[in-house]
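Starting from the two chains in their separate frames, assemble the complex, guided by the hints.
Going line by line, the protein sequences match chains P and D.
Note that the first sequence covers residues 1 to 155 in the numbering used here.
Note that the second sequence covers residues 1 to 277 in the numbering used here.
Keep in mind the hints are simulated off the structure, nothing from the lab.
A quick note: this is a predicted structure, and the numbers were derived from the prediction, not measured.
There could be a bad hint or two in this list.
Facing chain P, according to a computed beta carbon distance under 8 Å, are these residues of chain D, among others [unchecked claim]:
no.	residue
1	Ser73
2	Ser76
3	Glu78
4	Thr109
Don't be surprised by glycine CBs; every beta carbon is placed ideally from N, CA and C.
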Amino acid sequence: MWLKFILSGLIIAFCVALGYFAAEKYRARKKFFAELSALNEAYLSELSYAKKPIDVFLEERKGKGDFAKLLQTLQRHEAPSLKNFHLTKEEEADCREYFSMLGRGDSASQRAFFSSKTSLLAEKKQAAEKESRSRSALYLKLGLLAGLAFVILIV
Amino acid sequence: MLDFLPARLYGALRNVNLNLLYEMRIRADKPLSVNVGGKFSFLGERGMCEKAAALCPTSAEVEQTLLAACGFSLYSVENQIRQGFVTASSGERIGLAGTVVYEGGAVHTIRDVTSLCVRIPHEIKGCAEEIYRNCLADGACSLIVLSPPGEGKTTILRDLCRLLSLRTNLNILVCDERGELAAGDLGGTADVIRFSEKENAFTAGIRAMRPDVIVTDELLPKDYAAVRRATESGIAVIASAHLKRSEDVPEKLFDCYVSLDGLGRIGTISRRAPICG
Numbered sequence: 001m002w003l004k005f006i007l008s009g010l011i012i013a014f015c016v017a018l019g020y021f022a023a024e025k026y027r028a029r030k031k032f033f034a035e036l037s038a039l040n041e042a043y044l045s046e047l048s049y050a051k052k053p054i055d056v057f058l059e060e061r062k063g064k065g066d067f068a069k070l071l072q073t074l075q076r077h078e079a080p081s082l083k084n085f086h087l088t089k090e091e092e093a094d095c096r097e098y099f100s101m102l103g104r105g106d107s108a109s110q111r112a113f114f115s116s117k118t119s120l121l122a123e124k125k126q127a128a129e130k131e132s133r134s135r136s137a138l139y140l141k142l143g144l145l146a147g148l149a150f151v152i153l154i155v
Numbered sequence: 001m002l003d004f005l006p007a008r009l010y011g012a013l014r015n016v017n018l019n020l021l022y023e024m025r026i027r028a029d030k031p032l033s034v035n036v037g038g039k040f041s042f043l044g045e046r047g048m049c050e051k052a053a054a055l056c057p058t059s060a061e062v063e064q065t066l067l068a069a070c071g072f073s074l075y076s077v078e079n080q081i082r083q084g085f086v087t088a089s090s091g092e093r094i095g096l097a098g099t100v101v102y103e104g105g106a107v108h109t110i111r112d113v114t115s116l117c118v119r120i121p122h123e124i125k126g127c128a129e130e131i132y133r134n135c136l137a138d139g140a141c142s143l144i145v146l147s148p149p150g151e152g153k154t155t156i157l158r159d160l161c162r163l164l165s166l167r168t169n170l171n172i173l174v175c176d177e178r179g180e181l182a183a184g185d186l187g188g189t190a191d192v193i194r195f196s197e198k199e200n201a202f203t204a205g206i207r208a209m210r211p212d213v214i215v216t217d218e219l220l221p222k223d224y225a226a227v228r229r230a231t232e233s234g235i236a237v238i239a240s241a242h243l244k245r246s247e248d249v250p251e252k253l254f255d256c257y258v259s260l261d262g263l264g265r266i267g268t269i270s271r272r273a274p275i276c277g
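Chain D extracted, bound-state conformation (with noise of 0.2 Å):
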């Protein structure tokens, strides 16, 4: 986890509990900042300080963070990083702000990026356990979690499609756009189509390989066509999407809506009449 970091910005790390490390954000020179436990604070050699203490990354240092998490293979992640992201090899996501060059109308690279945001992935398992009670206790039914970013979608779609895969045994195609989701245990029964869109992943997912339920991460409008296709042809969709309430779902597709409330905190579950199961 985070072997990519320069061994300046790796060694500030020891003092702080990388079970709690939600997110780094590293500025070429400015100060080094963490998420730690839901809170932002500056990190500095000794661990978190205030902002005149804390280590200011060079913009070699990013640069170098940047190369040594695509593995020092640009091209292996062009794609990603005309989305403005790319995965580290331990499901970090690390999002870059820099100068975007287009070609032919459309993204050819981030040139001089000169802000990382890295987001570390947790598995915390039976997190989902509540949600898992309230809406798919009687079968799988298509489900959708809502919360601003950072909040723990991702992790706990991870735990929800453990859990359906630990007490149904149902096939589950996991449709990991990122790459993030598949960063953990998802079960005996879950297939991985890894950064694939969702579009062709769940049609080229749903005819080869017959899935029951197809979990995916970050719904954006364009994805619902998808999403309707698939709940249509009766296989349940859990997803989750940036919105913070039920209403502002562009599509009612879902049986049932749980929105976050803060860091990993379940908020509302609402569901769609008829209630599923």
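So that you can see chain P by itself, here it is in the shape it has in the complex (with noise of 0.2 Å):
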């Protein structure tokens, strides 16, 4: 009887785990539209004041991670990888575009073409956001019942 309960429990436990990491991407996705909208905030202030060297900049806003990751590689003047976030193509394209635009331009050619795309940035941390909490809900609950529904059918 108890080794029922344990085994149940088991089989449970794992079908959330489950969910909790088909739900991984798009807590990737989110993490990443948040730090790089902080990141444009960022670079447009320093724009406004200080307008310290591209390298000098990333060097500062070092940390953990892929994103942490993805600035040293910027810092080091390579492509960027972007296959651990989980963005769609146009989301890539366009990443690659922002990235190859840092420091190329002066101070106001640099504003207008990053405070162009502090709105988007936005809406895509929001959307990313939003997807997040849904899919991850979902994605907890179908692990969920798909581990009830082993139960019953196994136990």
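Written out as structure tokens, the structure reads:
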């Protein structure tokens, strides 16, 4: 009897964990757009004030995780890898254009370009947050239901 | 030093004595030339060579050199670009030639840059010893070093500043408009204002930093008013100018006039009465 309970619990926990990991890409997207949006804001403020070179600016924004690695790639002036962020092809192209424009122009043209990205990034960030919230909840529930179904069928 | 150069051009410098390298001329689709020890020659893949064997930098390499020298941040050096130069991280001054773009009657930027003149700063400790002994040994006084471009004025000013700081402990304000002067040891009592026009640097520096001596590079006629204000306030000014003879200095505000005679060679040292010290 106890063995059945433990096995049922393990199956449900496993399925819920699968649901959690299935929603990971939505969380990665949410985090990416939140960090990109913050980077954009910080860069715009940098352009209006200290105008430090891009390497110094990126160095000061060091952190952990995939986005920090992406910033390190930019510091080395290499093409960034965006595969960990689960972006659509269109988003990836937009982001590549975004990163390629960093530092390429005087402050007026840089301000104009990156200001034009502010609202777009805010929209993307909001949409990614919403999607992450709804998908995370959905996948957890699906995991729970799948776990229960397995328990009924197997145990 | 010179780490902003594309790999192909940097590689060509492997067989060049960098201690004697004063200048590089990078022109799009034209032979690469260098000034080594005061003499220009062409540079090929294996070092100095004849014109026919010289490397010809491409337009893309010229653009890449400029971008890298700016730290890939054009916005952070736009004021320098408007004045026709950028200063790289180790104090290398890069002169630009290209198409000047005007906006509102003022230079907005330089686009399609086709030629770069890279000047490499050198630190030669003791090169200003003779000038120091002749003019400053009895105390700081105003002094100007004169020579055509590329004869070592900045190197001499840097060493004078270091000697003055080391031996007198006076408070020295270095107004480094182009970021070249401070590419080396200026001594422990030197404060540096970088990339500011002399007018602003002198005014703000005198008020805020209370210097005993101001050291600055490449005086233009418009800068003499600021020098006069400083000397009238009792501050000694040590400067340089692109002039050959002391008679050509627009305002006789200095106690000593030093003319260089060729690369780093001190020619004449003349004094205005009363003799300084």
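- Can you give the numbers of the hints that this structure goes against, from lowest to highest? No hint contradicted; all consistent.
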